[in-house]
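J.: First residue of the sequence shown? That's 57 in the numbering used here, and the numbers climb one at a time after it.
Hint data in this document are derived by calculation from the structure and do not stem from the laboratory. Where a beta carbon is used, it is the ideal one built from N, C-alpha and C, also for glycine. One should not assume that every hint holds.
Stated by the list, open to error - What follows is a list of derived Cβ distance ranges for each label pair:
id: 1; residue 1: Lys166; residue 2: Ile119; range: 18 to 26 Å
id: 2; residue 1: Glu79; residue 2: Leu188; range: 32 to 40 Å
id: 3; residue 1: Gly190; residue 2: Leu126; range: 34 to 42 Å
id: 4; residue 1: Gly74; residue 2: Arg158; range: 17 to 25 Å
id: 5; residue 1: Asp123; residue 2: Arg158; range: 14 to 22 Å
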Amino acid sequence: MGPSAVQEYTRIIFREMGEIREEAQTEAFRAVGSAIVRTVDLHPNLVALMEGLEKRFGDPGPIVMDDSQLFLDKISELNAHEKEFVLRILALASIIDGKLQRRERELLHKALIISGMPPDLSRIQAWRKAFLVGDELVEAIVLDCLPKPEKGLA
């Protein structure tokens, strides 16, 4: 599964995204950049994901995309809907090479906690496994990849 899978996954994510501010768009680019930095690998699927974001939102301009700490600092400034969008992009960026490495898991854990969600990666792992075995695209696995927010933290 290659760039065509990225296109299908992003189509689902974009469809559910609704209105988001420019700050959330920037955070989506940072999510992909942070995943690239964490894996130290520019996988072709990550290139396709970055191109998909650029096609949807335009050129992000001169922003810092490769600073994971900046990504984590800024995600807390988003509303709950925007956080879900950005976290889905981060989840996709983290699994789209077929792996979920330790440094990616750490980034996801931190981002989920900051976003008021439990750091449970089981749904993201299920998405990765479905992707790896070439299961038919099931929209629910993409839309339900995030743990439910903890009460009072979102």
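J.: It remains to establish, for every hint, whether it holds in the given structure.
T.: Here is how each hint holds up against the structure:
1. Taken as a hint, the range 18 to 26 Å holds for the pair Lys166 and Ile119, whose Cβ atoms sit roughly 20 Å apart.
2. The hinted range of 32 to 40 Å is satisfied by Glu79 and Leu188, whose Cβ atoms lie roughly 33 Å apart.
3. The hint said 34 to 42 Å for the Cβ distance between Gly190 and Leu126, and at roughly 35 Å that hint holds.
4. In this structure the supplied range 17 to 25 Å is violated for Gly74 paired with Arg158, their Cβ-Cβ distance being about 33 Å.
5. The given range of 14 to 22 Å is respected by Asp123 and Arg158, whose C-beta atoms sit roughly 19 Å from each other.
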